[in-house]
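Chains as they are written, first to last, in my numbering: chain A, 1055 to 1311; chain B, 57 to 314.
By construction, these hints were calculated from the structure, which means they are not laboratory data.
Keep in mind that this is a model prediction, so the values were computed, not measured.
Glycine included, each C-beta is placed from N, C-alpha and C at the ideal position.
Keep in mind that a hint or two might mislead.
In silico lysine-lysine, DSS-like type, Cα no more than 27 Å apart, as pairs [stated by the list, open to error]: (1) B/277 with A/1276; (2) B/277 with B/89; (3) A/1284 with A/1132; (4) A/1276 with B/69; (5) B/277 with B/300; (6) A/1132 with A/1276.
Using C-beta positions, here's what the derived DEER-type ranges look like [as the list claims (entries may be wrong)]: (7) A/1291 with B/125: 39 to 49 Å; (8) A/1075 with B/115: 14 to 24 Å; (9) A/1295 with B/264: 50 to 60 Å; (10) A/1076 with B/171: 35 to 45 Å; (11) B/301 with A/1073: 20 to 30 Å; (12) A/1279 with B/231: 23 to 33 Å.
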Amino acid sequence: MTTILQPIGRTFLNGLSAMGRLTLFALVAVRHCLTPPFYPRLLARQMIEIGYYSLPYVGMTAVFTGMVLVLQSYTGFKVGAEAAMPTIVVISLTRELGPVLGALIVAGRIGASMAAEIGTMRVTEQIDALSTLSTNPYKYLIAPRLWAGVTMLPLLVGVADVIGILGGYFVAVHKLGFNEGNFLKNISDATDFIDVFSGLVKAAVFGFTITLMGCYHGFNSKGGAQGVGKATTNAVATSMILILILDYFLTELFFAR
Amino acid sequence: MSSDLKIKVRGLKKAFGSNVVLDGVDLDVPRGKSLVVIGGSGTGKSVMIKCILGLMQPDAGSIEIDGQEVVGMPARERERVMRKFGMLFQGAALFDSLPVWENVAFGLISGRGMKRGEAKEIALRKLSAVGLQPEVGDLFPAELSGGMQKRVGLARAIAAEPEIIFFDEPTTGLDPIMAQVINELIVTCVDMVGATALSITHDMHSLREIGDNAAMIYQGKIIWAGEAKDIDNSGNPYVEQFVKGKAEGPIRMPVRSF
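This is chain B alone, in the form it adopts within the complex (with noise of 0.2 Å):
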C-alpha cells in the first residue's frame, strides 16, 4: 500500500557523464520503519541517498515523499519538505566555527527561527539523550574524539524531531566499541522520535542492529530487499557474498567511488 510508504523511489537514474551510478532504482521505505541498504563502495549508495535528500538532482524517476512527489518540486515547497528530515553524515559534517551546542540547535535556530536560549536547552537535553554532559555543549568539534562527533552529530540529527532520518555510514572509522554504542544510540534516537529511518552502509554487523528491513544495491539497481532477517538467507548470490565477505563471487568492485 502507497499510504504506509514514507519513502517511494521508482526508476531513480543518475550518471555523471558517461558514467551511470543509479539505473533505474527502486526502493520502498515503509511508514516508521528502518531500512538498510548495503552495498560496496561506488555502488552509488550515497548518490541515492542524496538524491532523495534533494541535495542531488536526479536525471529521471520519481521519489515520494508521504505519498508526494518531490523531483521537479519548486525549490520553495522543497524546503518545506526537508522540513521532515534529519541526517547523519558520514563524517558527523559539524560546522567547526560553531560550539558543539550551536551545531545542535542549528536548525532550530536558522532553519525555524527558535529564540536561542530556548534553542539551546533543547539542544542540550538532546546531547543529554545521546550521552554527552552539558559541558561538552561549549566545546568545538575539533576539541571531540571521533565518536564524540558521531554522537553531536546524531544529536543534531533528532533536534527538531524530524520524520525521517538518514544516516550515512553511521559507523565508519569508529572502533567496535564505539560503533556498538553509535548503533544502540541511533536505535534509541528513531524510536524516541518515532521517525522512519533510512541508512547507507557496509557494516553488516551495524545493518543487524538498527535494520528492520535491508536491501542490497549494486550497479545502480536494487538487486534485493527484504527483512534485515533473513539477510543470511537471501539465496542471492550477490547478496551472499557481500553479508559473507567473499573475494570470489558475482561482485566486481568498481575503482572509482561518488
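If we strip away everything but chain A, and leave its shape as in the complex, we get (with noise of 0.2 Å):
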C-alpha cells in the first residue's frame, strides 16, 4: 500500500511546490512592474513583438474561423440562417473564438520565444550579468514583457473579431448570396457591449498569463541546452492549458447567472 501512495503524494506535493514557486514568482513579477525603475524602449520593443508581429498569424486565423463560423452555421441551420447567423458570428467570435484562439496562437508564437530567449540567458549566466552590473532582472526582463502582454493581447483580439467578421461578410454575402445590408445590420444588433469588453478581459488575462509562463520557465531553465528546450516545451503546454481553464472560470464569472 505504501508503494503505491508514496509516488502519489510525492507528485502531489511536487505539484503543490510548483503552484507556490510559480505564485511567488508571479507576485514579484508584478511588484516589480509596478515600481519604477521602468524600461520603456525594452517594453516598446516587447510591444511590437507581441502585437505587431503576432498580427498576421491571429489576423488569418480570425479571418477562416469567421469564414467557417458562417459556412458551418449555414449548412447547421438551413431555415432561419440569415437571421441567427450575425448573432453566432458575433457571440462566437467576440467572447469566445477571438481570445481563445488568438492567445492560442500568441502562446506557441510569444511563449516559445520567451521562455527560449530568456532560458539561454539563463544558462550563459546573461541573468547574473545583469544582476551584477545593478539591473534587476525581473524589472529588465520580465516587466516589460508582462506588460507588453496583457496590453497587446487585448488590442490583437479587438482586430481580430473585427477581421472574424469581415470574413464571415465575405462568405455570408459573396458566397451564400446573403442580403449584405441585412447582414451587416444584424451584426450591429447583435453586438453587445458586454460581450466585447468580456472578450477583450479575457485577452489581457490570457495576455499575462502566457508571458508569465515564458518567463516563468524561461527564468528557471537550467542543464544548457536540453533545459531550455524544456522550458520551451513546459511553457507553451502550461500556457495553452491555463488558457482554456482560465477561460471556463471567466466566461462563468461574466456570463452564469
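Build the complex from these two chains, which are given one at a time in their own frames, with help from the hints.
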C-alpha cells in the first residue's frame, strides 16, 4: 500500500511546491511591474514583438474562423440561417473564438520564444551578469514582457474580432448570397458591449498568463540546451492548458447567472 | 586586521538537497590584493563566488564586504553593495542582443542612469584599454572570437571602475597565447582601477600571473591559504597533487559539478 501511495503523495507535493514557486514568481514580477525603474525602450520592443508581429498569424486565424463559422452555421441551420447567423458569428467570435484562438496562437509564438530567449540567458549566465551590473532581472526582463502581454493581447483580439466578422461577411454575402444590408444590420444589432468587453478582459488575462509562463519557465531553466528546450515546451504547454481553464472561469464570471 | 580585509568569509555553508557543496568556508581577501582560489571541478568554487556576489543565498555563515555583513541584507541595500562589484564570467556572458559597446556600457546606462552618449565614450575607452579598436564596439558578441569576447567581458567588468572584481575561470577555453594576453590584461586592469580581485581557476599558470595570494578549496572547505609564490612549497599533499597535476594522491575528484 505504501509503495502505491508514496509516489502519488510525492507527485501531489511536487505539484503544490511548483504552484507555490509560480505564485511567488508572479507576485514578485507584478511588484516589479509597478515600481520604478521602468524600461520604455524594452517595453516598446516587446509590444512590437507581441502585437505587431503576431498580427498576421492572429489575423489569418480570425478571418478563416469567421468564414468557417458562417459556412458551418449555414449548413447546420438551413432554415432561418440568415437571421441567426450574425448573432452566432458575433457572440462566438467576440466572447470565445477571438480571445481563445488568438491567445493559443500567441502562446505558441511568443511563449516559446520568451522561454527560449530567457532560458538561454539563464544558462549562459547573462541573467547573473544583469545582477552584477546593478540591474534587476525582474525589472529588465520580466516586467516589460508582462506589460506588453497584458496590453497587446486585447488589441490583437479587438482586431481579430473585426477581421473575423469581415471573413464571415465575405462568405455570407459573396458566397451564400445573403443580403448585404441585412447582414450588416443584424451584426450591428447582435453586438453587445458585454460580449466585446468580456473578450478583451479574457485577452488581457491570457496575455498575462502567456508572458508569465514564458518568463517563469525561461527564468528557471537549467542544464544547457536540453533545459532550454524543456522550458520552451513547458511554457507553451502550460500556457495553453491555463488559457482553456481560465477561459471557463472567466466565462462563468461574466455570463453564468 | 579586519579593516584591512575587503572580503571576509566565515563558516559559509551551502547544500543542494543532501549534497553539501560548501562546508564552512573561511576566506580573507585583503584590500587591494588579488586572491586566486584554486580547486578541481565540482569543488564549490563557483558556488562560493556566487554566494559572495549575492547571486545565491548561503544556508549559513557570514560574508562581510568592507566590514559590513551582507548575508540577510535587505534587497535594496544589497543592490547598493553590488555597485562595488565587477565580474568577468567564464563564458563572458555578453548580452547577445546588444552591440559590444552597449554591453560594456550596460552597467553605466541601466544600473547608474548615465546618458548613452557619455556611457559610449567610456565604453570605447575601456575597449581600448583591453586592446580592442573602436570599430569592435559596433559588432555583436556572436561576431567575436572567444578571446575577444573575454576582452569585452573584461572591459565590461571594469567599466564602472568597481572596488572588487571577480574572475570566474578567466582563461578557460582559450589558447595559451590568448590566455596569457588575458592574464596580463587582468593584472593591468586591476591595477588601473585600483581594485581588489577574487578569481577562481584551475589554471596554475593563471594563478601565478594574476595572484598575490592563493587558496585551495576541497570538499567545500579552504584547505590551504597563503601567498601565491608559496604555492609550490605549501607542504600540503592536496595542494601539491593539484599543483603538479598528479592522478595519484589524496584528492578524489567528484563526478558532479555545481
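Each hint tested on the structure:
Distance restraint check for residue 277 of chain B and residue 1276 of chain A: the Cα-Cα separation of roughly 26 Å lies within the 27 Å cut-off, and the hinted pair is therefore satisfied. Annotation: proposed proximity of residue 277 of chain B to residue 89 of chain B holds, straight-line Cα distance about 21 Å (limit 27 Å). This hinted pair does not check out: residue 1284 of chain A and residue 1132 of chain A have alpha carbons roughly 48 Å apart, beyond 27 Å. Taken as a hint, the residue 1276 of chain A and residue 69 of chain B pair is honoured in the structure, with Cα atoms around 22 Å apart against an allowance of 27 Å.
Only pairs whose Cα atoms come within 27 Å are accepted, and residue 277 of chain B paired with residue 300 of chain B is accepted, the gap being roughly 20 Å. At most 27 Å may separate the alpha-carbon atoms for a hinted pair to count; residue 1132 of chain A and residue 1276 of chain A exceed this at roughly 56 Å. A beta carbon spacing of about 43 Å between residue 1291 of chain A and residue 125 of chain B agrees with the range 39 to 49 Å that was offered as a hint. Checked against the given bound of 14 to 24 Å, the beta carbons of residue 1075 of chain A and residue 115 of chain B, roughly 18 Å apart, stay inside it.
For residue 1295 of chain A and residue 264 of chain B, the hinted distance range of 50 to 60 Å is satisfied, since their beta carbons lie about 56 Å from each other. Distance hint check: the CB atoms of residue 1076 of chain A and residue 171 of chain B are about 39 Å apart, consistent with the given range 35 to 45 Å. Checked against the hint of 20 to 30 Å, the C-beta distance between residue 301 of chain B and residue 1073 of chain A comes to roughly 49 Å, which is inconsistent with it. Distance hint for residue 1279 of chain A and residue 231 of chain B: a CB-CB separation of about 25 Å, consistent with the stated range 23 to 33 Å.
Consistency note: the structure conflicts with the earlier hints numbered 3, 6 and 11.
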